[in-house]
Amino acid sequence: MKKVIIASKNKGKVKEFRTFFAPHEIEVVSLLDLDEEVPDIEETGESFVENAALKAEEVSSRFQQPVLADDSGLIIDGLEGRPGIYSARYAGEPTNDQANIDKVLKEMKEIPTEERSARFVCVLAIARPGEETIFVTGYCEGHIKTEQCGGNGFGYDPIFVPEGYNETMAELDPAEKNQISHRKQAMKQLEKRMHLL
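Position 98 of the sequence shown, counted from 1, bears residue number 98 in my numbering, the numbering being contiguous throughout.
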């Protein structure tokens with residue numbers, strides 16, 4: 001069976017990738033499953049692509065195996081693309097979802113409804129020893145609400161309303177959210193490149 005390392009210590013994310021790869025008979029191994037402790041890789045890139053590549057390539061060269069890494073975040077047009085690559089730590093360190101949401105809502109206080117468009121972006125990088133890194137990108141378009149609603153999900157889900165919906169991501173059933181999420185869209189792109197693993 002083929003094996004791919006997911007450059008993540010996020011159990012929820014790893015579970016999602018396991019479910020995705022299972023029908024393709026590809027075994028998923030997370031950084032938590034390895035015998036060797038892998039230190040956190042600093043995301044010093046200036047784009048989602050650069051950060052995903054940094055993580056995938058570093059782990060791939062260390063273990064000489066195919067590695068998949070993702071970098072994702074929220075782009076808000078009314079904030080000139082912020083929080084972007086700083087989505088997780090927008091309100092500073094340590095990362096705090098509620099503080100991030102509060103900061104976005106405060107910064108968008110004066111922005112009218114029709115100018116609140118936004119999208120979640122997910123870039124997946126697949127690094128293989130001696131090969132060029134492959135990238136796929138998924139998007140989930142929507143807009144930012146003026147107040148937070150819903151208790152499901154994480155991150156900016158309570159203020160993000162996906163296109164075609166009246167509810168925030170955090171109000172949707174998790175299974176429904178997973179069908180329209182940016183990560184799901186990126187995985188659909190990845191499915192077309194599965195032969196390269």
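One or more of the hints may lead you astray.
[Claimed, not checked] Taking lysine-lysine pairs in the DSSO-like style, the calculated list, with each CA pair at most 27 Å apart, reads: (1) K9 / K184; (2) K184 / K3; (3) K192 / K9; (4) K145 / K9; (5) K145 / K106; (6) K3 / K145; (7) K145 / K2; (8) K13 / K2; (9) K3 / K13; (10) K184 / K11.
I should point out that these hints are in silico values taken from the structure, not numbers from a laboratory.
Here is how each hint holds up against the structure:
1. K9 / K184: 19 Å, holds
2. K184 / K3: 20 Å, holds
3. K192 / K9: 26 Å, holds
4. K145 / K9: 30 Å, violated
5. K145 / K106: 12 Å, holds
6. K3 / K145: 41 Å, violated
7. K145 / K2: 43 Å, violated
8. K13 / K2: Status holds; Cα separation ~20 Å.
9. K3 / K13: 17 Å, holds
10. K184 / K11: 17 Å, holds
Taken one by one, the earlier hints fail for this structure at numbers 4, 6 and 7, listed in ascending order.
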